[in-house]
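Engineer: Residue numbers (the working numbering), protein chains in the order written: chain A, 1 to 204; chain B, 1 to 250.
Among the hints, a few may not be true.
Listed next, the in silico BS3-like pairs over lysine-lysine satisfying Cα-Cα at most 27 Å (straight line) [what the hints assert, rightly or not]:
(1) B/80 - A/83
(2) B/123 - A/83
(3) B/225 - A/83
Simulated coverage check for chain B against chain A, where a stretch passes if three residues somewhere in it have a Cβ under 8 Å from a Cβ of chain A [to be verified]:
(4) 155–168
(5) 194–207
(6) 224–235
(7) 238–250
Every beta carbon over 10 Å from chain B, so not counted as near; a handful from chain A, in silico [unchecked claim]:
(8) 24
(9) 35
(10) 54
(11) 55
(12) 59
(13) 60
(14) 66
(15) 109
(16) 117
(17) 136
(18) 152
(19) 180
(20) 201
Please keep in mind that the hints were generated in silico from the structure rather than gathered at the bench.
Given the structure is predicted, the values throughout are model-derived calculations rather than measurements.
Don't be surprised by glycine CBs; every beta carbon is placed ideally from N, CA and C.
Residues per chain are reported as follows:
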Amino acid sequence: MERGNHQHFYRKLHSLSGIIPVGVFMTVHLFVNYTATWGIESYNKAAGFMVNLPFKYFLELFIIFIPLLFHGIYGIFIARQSKNNVKRYGNLRNWKFFLQRMTGLIAFVFIIWHVWETKVQVEFSGVEADYHLMAGIVDNVISLSLYIIGILSCIYHFVNGIWTFLITWGFTVSPQSQKVTQYISFGLFIALSFIGIRAILAFA
Amino acid sequence: MSGTEKKIHFIITRQKDSQSAPYTEEFMVPYRANMNIISALMEIQKNPVNAKGEKTTPIIWESVCLEEVCGACSMVINGKPRQACSSLIDQLEHPIRISPLVTFPVIRDLTVDRSRMFDALKKVKAWVPIDGTYDLGPGPRMPEKTRQWAYELSKCMTCGCCLEACPNVNENSSFIGPAPLSQVRLFNAHPTGEMHKEDRLAALMGDGGITSCGNSQNCVLVCPKGIPLTTSIAALNRQVTLQSFKNFFG
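Please take these sequences and the hints and turn them into a complete structure.
Structural biologist: Below, the structure is given as structure tokens:
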């Protein structure tokens with residue numbers, strides 16, 4: 001898969017799938033979670049809306065699971081190819097390159113755990129996916145910390161992914177534009193982290 | 001004079017041949033004003049005695065122009081890939097550590113085999129085809145504005161420093177590296193070279209092509225010629241994106 005003639009296509013698909021649909025879905029997800037800060041009722045209503053969308057299984061399969069699995073598994077292939085050298089070249093963008101791979105791996109493990117607890121178990125054991133399910137998961141410090149690390153990793157990976165996406169698709173060519181989008185992606189990291197962390201703390 | 005003269009301390013990574021394991025050997029070289037790494041290595045060549053006073057083999061390295069335009073004397077000096085000729089002893093931190101560019105197969109000591117860079121230039125067709133059976137006449141003119149930045153790209157001397165610094169150029173990856181990518185931008189900007197633009201972009205869309213770039217942007221920081229490599233890569237990303245739309249939609 002990696003060294004064949006389709007490398008270019010797979011890489012582009014990997015790049016695109018990270019933003020659409022995976023990144024977009026994650027952002028919607030974080031916003032839905034934020035309703036928990038308004039109270040149990042609001043969260044259950046917002047989560048209920050997502051759960052009761054028509055053609056749910058179709059949407060889940062093609063907007064979430066297939067793109068996510070492809071992005072994650074192919075991403076591991078990509079991460080394994082790099083020989084990180086931040087010790088020798090400690091510049092910011094090399095660190096970002098290294099962190100992109102680290103957070104990708106963390107996110108991969110985190111999402112498997114997260115899907116197992118909030119989706120697989122729900123589907124097969126008939127537990128309701130509501131506020132209380134989530135509150136039960138993060139009612140101890142370890143789980144809550146792991147959730148915060150996982151959420152921050154996903155957000156970093158997404159915002160830095162937007163920055164590299166704009167370069168690899170040829171939108172930001174000049175060093176100036178790459179600098180401006182770097183600032184924007186940093187701002188986005190702060191904003192999404194605020195939303196994500198406040199939301200998870202509402203369950204704890 | 002001999003006992004009290006100033007000496008320069010070198011710690012050099014050596015290798016007997018391409019198969020054997022690397023080791024380090026230290027040298028104390030008598031100081032002269034305005035020395036560079038090459039002249040220090042020449043001193044070792046004249047008197048191959050290491051810091052312990054033992055007779056050893058002279059260090060093997062490559063160098064040609066001695067004015068930072070040929071790219072032959074690239075080595076890792078105090079942790080950074082650069083040209084030995086333009087690395088002045090007075091400006092370096094001591095002891096001076098020298099090792100070969102490990103991204104490339106080491107032939108002996110500081111000499112490496114950089115033929116993969118030449119192979120990459122062939123792969124991306126980094127030239128302007130002008131040969132024919134008859135006189136093709138003068139080509140179209142190049143706008144002065146384009147010539148100015150294209151000249152900067154033409155300074156690439158295939159030295160390999162960018163490949164050494166790139167975290168995605170290694171034995172696990174087929175990535176051709178930043179230098180040949182920038183050459184595609186150069187020859188695609190040439191009014192006659194542009195006629196073969198599609199061929200070069202097709203090569204970049206192949207195995208080990210432009211998508212293997214991970215935007216660590218180390219290359220642009222280590223380039224001894226100050227070539228805007230990351231701008232070249234991003235500009236080619238745009239060319240490749242537009243080309244793939246053209247390829248698919250016609």
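Engineer: Minimum C-beta separation from residue 136 of chain A to chain B exceeding 10 Å: can you confirm that?
Structural biologist: 39 Å, holds
Engineer: Classify the label on residue 24 of chain A as holds or violated, using whether its beta-carbon is more than 10 Å from each beta-carbon of chain B.
Structural biologist: 20 Å, holds
Engineer: Should the label of residue 54 of chain A as a non-interface residue stand, given a Cβ cut-off of 10 Å to chain B?
Structural biologist: The assertion about residue 54 of chain A holds, with a minimum of 32 Å to chain B.
Engineer: Taking the minimum C-beta separation from residue 35 of chain A to chain B, is that value above 10 Å?
Structural biologist: Residue 35 of chain A clear of chain B: closest Cβ-Cβ about 35 Å, beyond 10 Å.
Engineer: A cut-off of 10 Å on Cβ-Cβ distance, and residue 60 of chain A was said to be off the interface with chain B. Does that hold?
Structural biologist: The claim stands: residue 60 of chain A keeps its Cβ more than 10 Å from every Cβ of chain B (closest is about 29 Å).
Engineer: Closest CB-CB distance from residue 180 of chain A to chain B, is it above 10 Å?
Structural biologist: 14 Å, holds
Engineer: Verify this for me: three or more residues of the region 238–250 of chain B with a beta carbon less than 8 Å from a beta carbon of chain A.
Structural biologist: That given contact holds, which follows from 6 residues of the region 238–250 of chain B lying within Cβ reach (below 8 Å) of chain A.
Engineer: Is the hinted pair residue 123 of chain B and residue 83 of chain A satisfied, with a Cα-Cα distance of at most 27 Å?
Structural biologist: 24 Å, holds
Engineer: Does residue 109 of chain A clear chain B by more than 10 Å, comparing its Cβ with all Cβ atoms of that chain?
Structural biologist: 21 Å, holds
Engineer: Would the non-interface assignment of residue 152 of chain A survive a Cβ cutoff of 10 Å against chain B?
Structural biologist: 21 Å, holds
Engineer: Please count how many residues of the region 194–207 of chain B have a CB within 8 Å of a CB from chain A and say whether that reaches 3.
Structural biologist: holds (count 3)
Engineer: Between residue 80 of chain B and residue 83 of chain A, is the straight-line Cα distance small enough, at 27 Å or below?
Structural biologist: 16 Å, holds
Going through the hint list in order, the structure satisfies each hint without exception.
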